[in-house]
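Please construct the entire structure, taking both the sequences and the accompanying hints into account.
So the sequence lines, in the order shown, correspond to chains A and B.
Residue numbering for the first sequence follows this note's numbering, starting at 1 and increasing by one per position.
Residue numbering for the second sequence follows this note's numbering, starting at 1 and increasing by one per position.
Each statement offered as a hint is correct.
Estimated spans, in silico, between C-beta atoms of each pair:
no.	chain 1	residue 1	chain 2	residue 2	range
1	B	Arg508	A	Ile133	52 to 58 Å
2	A	Ile18	B	Glu302	55 to 61 Å
3	A	Gly164	B	Lys70	39 to 45 Å
The hints are simulated quantities; they were obtained by calculation from the structure and are not laboratory data.
All values reported here derive from a predicted model rather than from experimental measurement.
C-beta: ideal position from N, C-alpha, C; glycine also.
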Amino acid sequence: MRTLASFALLRESWVGMIGAGIIVFWILVAVFAQLISPFDPLATLQPFAKPGTTYAKGGIFLLGTDHIGRDILSRLIWGSRTVLVYAPLATFTAYVVGILMGLAAGYRRGWVDDVLSRISDIILSFPVLVLYIIIIATIGASGVNIIIAITFASAPGIMRIVRGLVLDLRNRDYVAAAQTRGESAWRIMLVEILPNARGPLIVDACLRMGYVIITIGVLGFLGLGLPPPDPDWGGMINETRQMAMAFPHMALFPCMAISSLILGFNLLADGLREISLRD
Amino acid sequence: MTARRDAPILEIKDLNISYYTRAGEIPAVIDFSLTVNRSETVGLVGESGCGKSTVAWAIMQYMGNNGAIKSGSIKFMGHELNDLSDEELRKLRGSEISMIYQEPFAALNPSLTVASQLMEVPITHEQVSENEAWERCVQMLSDVHLPDQQRIMHAYPHQLSGGQQQRVVIAMALLSNPSLLLLDEPTTALDVTVEAGIVDLVADISKKFGTSQIYISHNLGLILEVCERVFVMYSGEVVEQGSINSVFTWPKHPYTQGLFGCIPLPTTDKNAAPLRPIRGQLPLPHERPVGCNFGPRCDHFEAGRCDARDVIMEPVVSSDAIGHRVRCLRWNEIDVGVPLAHAKAKPPFEVGERVLEVDHMQKYYEVHDRSIAALISGQSVRFVKANEALDFDARRGETVAIVGESGCGKSTFAKVLMGLECCTAGELRHEGRDIGNIPVHRRSSQQLGSLQMVFQNPSDTLNPSHTVGAQIARAIKKFGIEKEKSKIRDRVLNLLDVVKLPRDFYFRRPRQLSGGQKQRVGIARAFAGNPSLVIADEPVSALDVSVAAAVTELLMDIQREHQTTLLFISHDLGVVRYLADRIVVMYLGQIMERGTTEEIFAPPYHPYTEALLAAVPIADPEIEKREILLEGDLPSALDPPTGCPFVTRCPRKLGKICDQQRPLMQSLPTGHAIACHIPLEELRRIEPVIYVPPESERLHAK
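Next up, the structure:
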C-alpha cells in the first residue's frame, strides 16, 4: 500500500519520471521483441553493413549489421530480454541473501554478527572483477551461474546496509513490544523490523540494479556471460571490439543501450530518494 | 543600535505568518501582538502546533524556505526587522538577539572544544584579543554557575553532562551581551533537578545582565517560575495575556481554564478531584473553524455568537488586572471559579492481594574492558550496578510509582520484569512465581498476557508498517485470548471502544494518528490479555498537557475497571502525586525512600526526595515551595560513590560516615522507609517543601 503510494508520488519528481520512462521503454521492448524486431537476431544476413543499408531481400538495417551479418537492432531488441531477466533476478537473490544476513547480524549481535561481518569483509576485500572470474571459471558460464556470482559478490554490501538499519530499528519501542509479546526472533526481524527498512532498501536496489547491469555487460565482454549465439549486450561489444576502429557502430549501439538502462535505474533511485526525504 | 532607554526592546504588532505547503497556504500565526520591555521576561505558552516557535523564528527573521511574514511589523529597539537586509540581520543575530534551543547537544559542535566555540563570540563580534576572550569566557562560565571553568574550557561537548552543556549554550548566548534572549523549551531535554538549576539561572539573567527574554514552553509551572508576563497561545492565536498573577489566579479564557484543569496540581486527587481533560482535539491549521478557534472544544460555546466572526482581543476590566487581555466574547459571563471545580469524583480503588513482590532484586551489567592496562591489572571485568537490592511490593488495583531521574535504574527494572533481561540476584515474584530469571521467550502465553507494558514514546510505540487493528489483533492472538478470526476482530473493536477511539481506526496506520491516539492504541494493546500488572514507562511525558490529562484519566479508568496493578515509572513528582498510592524513590540503582504518597510528600523526607519535590514546578502562584538546588550532576553508574549514592550532591551531608558507609533502611511501622544516615527524628523536624494554603484563604475564594 505505502509502496504503491510512494510510486504514485513519483509523478512529482521529474527526474524519477524520466528514469521510470526509460525503464518502462526497455521493458516494453523486451516484451514485444517478437513484434518489433525487424530481423531474426541469429540469422547471418549481410556482414559489415553500415547503419541505414537496405537489405536486398527487403528491409533496412537501421543500426547496421555485425561482422557475421546479424542485424544489430534486432540483437539489441532481443538482448534486452537477457538483461531484464538476469539483472532483476540476480539483484533479487542478492537481496534475499544480504537481507537475511544483515537481519541476523544486526538483530542478534554478538558472535553471529562477528562471524557474518568478518565473512563479508573477506569477500569485499577481493577486487570484484577477480572474484567474478574466479567464480565463473570454477562453476562455468551459464545464466544461473551469473546469478550465483553476482549474489556472492553483492550480498555482503547489502548486508552492511541492512545491518546498519537494523541496529537503529531494533531499539524502537514497537520491537520491545513484540519481544514482550513473546514473538520469535525471525518474526520480529521479518515482520516488525524489515518493513520499516524498506525505504532506503528500495532506493539502494534501484542503484544496485544499475551495477548489476554493468556487471552482466562486463561478464559478457569478458566472455564469461551467456554462451553465444544468444544476443547479450556485453557479448555484442566483446565480439566486435577488434573492429571497433573501422566499424564503430557495432560496439557503440550496445554501449548506448547499456548506459541508457543504467541511467534509467539511477534516475529512478534519485527520484525515490527525493520523495522519501520530502516527508 | 541605540534606542531610548524607556522604549520597549521588542514590539510586535498585528503579525501574520503563513507556511506554504503542497496543501496550500497554512496560516501559522494570526493577529499576534507582543511587547517586551527592558529586562523583562515574557512567557509564551501553548501546546504543540500553536505557533509559539514560529513567533521565535519570525523574530530571528528565519522563516525557512516555505514560511513568510504576511503582514504586521516586528520592531527591535525601534528598527523594523522586516525591512533589514541579510547583512544587517546577520550582524543582529547572535549579537543583539540570541536564541537557545531545546537540545543543547545539537547546539554545540562536537568536534570543537568549549573554549574555541565560546571564544569565537567575542573575537568575531568585538574583535578582542585571544587573552581577553579567554578571560571573558571563564568569567561567563562562572556567571552561569559552572564550577571548574578551566577544565570545561578545554573539554569537548560530549565530555559534559546535559545540564552543563545547556549552561555552556546559555553562556555562549550571553557572551555577546544581547538585548534580547529567546529561549525555546531550554529544559525539556533535561532531568528535573538539573532543570531546576537552569530555571533558577534563567530567572536570574534579566536581573544580572538586564537582558530581556522570551521564554517559550509548554509547561505552565516553568513559566510561573521564570516570567513576569505570559501569553497563552492556541491554534496560532494569543487567547489570553497578562501578568502571571492575574492570568494564573483569574484565568478568563476557557482554554486557559481548561489547561489548568489538565495539570495535576497539588489540589487535585485521582478519586475526589480528578483531572478535567479538554475534550476534542486541536484543529488542523487548514481546518480551523470560523469565529473562535476554541469554539468546538469549549463548554461555554454559544452558537451564532462564538462562530459568527473572528474574535478580537479585549481588555479585562478589573481593578487588579492591568494589561490582562482575553480573546473571548463571553469572558465576563463565565464563572472564574470554574477551573477549580474539577470533574466529578470517581470511586476509590479497591486494593487486593499482592501481585508483585520484589525481594532484594539485583541487576548488574558486566562491562568488559579489553585494554591492555586492564588485562595487566586483572580488572578486565567491571560491573554497572543498575539495580541494587530492590525491595518493594504491589497489590491488586494499586498504583505504585517508581520515581527517579535518568540513570536511576528504573528502566532496567522494567526490562527485568518484562523478561528482556534476567536479574543477577534476588527474586521477582509475579502472582507468586519467581520470574526474575525466566526470559521472555520461556514465559507462557498466559504469563506474557498478564504482564504487559505501555511505552513512553508515542512515535515509537506502534509499528509504522502495520495497521492499528493488526497490531492489537496480534497481541490478542499471541496471548491466546481468542483463536477465531472473527472473534479476534470483535475483541479488537471492543478494545478500541475501551480506549475511546472510533472503530474505523482498525484500518488506520500509525502515521495517520496523533500522539495521544497512538498512546491510546498502545494502552489497548497492553490490555489485550487482561493483564494483572501493567508497567507504564512515562506514558504521558511526551504528550501535550491537555492530551496527557485525557490519557492519564483513561489509563486509570481502565485500571479501575480491570482491577489492574499499575507500576508507573516517572520522573515527574507532580503526576506521581496525583495518581500513585505508593511511591518508590530511586537514585543510582538503589531505593532511597519508599512509602505511601502522603508519607513521601510530608516529612520525614530523604534529602533526595526533598530536592526532587522542590525541583518540580507547580503552576499555582499561591502554593509556596522551598527552593533547594542540587550541586553537580548524577555520578556515573560505573563508578558510584562507595558510601551513600547521593553523597556527592546531598545538601544535608553529615560527614565521613556518608562517604564511607552505605546507609541502612530506617523503617517506620507503617512501612515508610528511608535510606539515610540522618536519624528519623531529625528528618521529621524538616519543614515541608510544599505549602498549599487552605481553600478558604485562596485569592479566588475571596
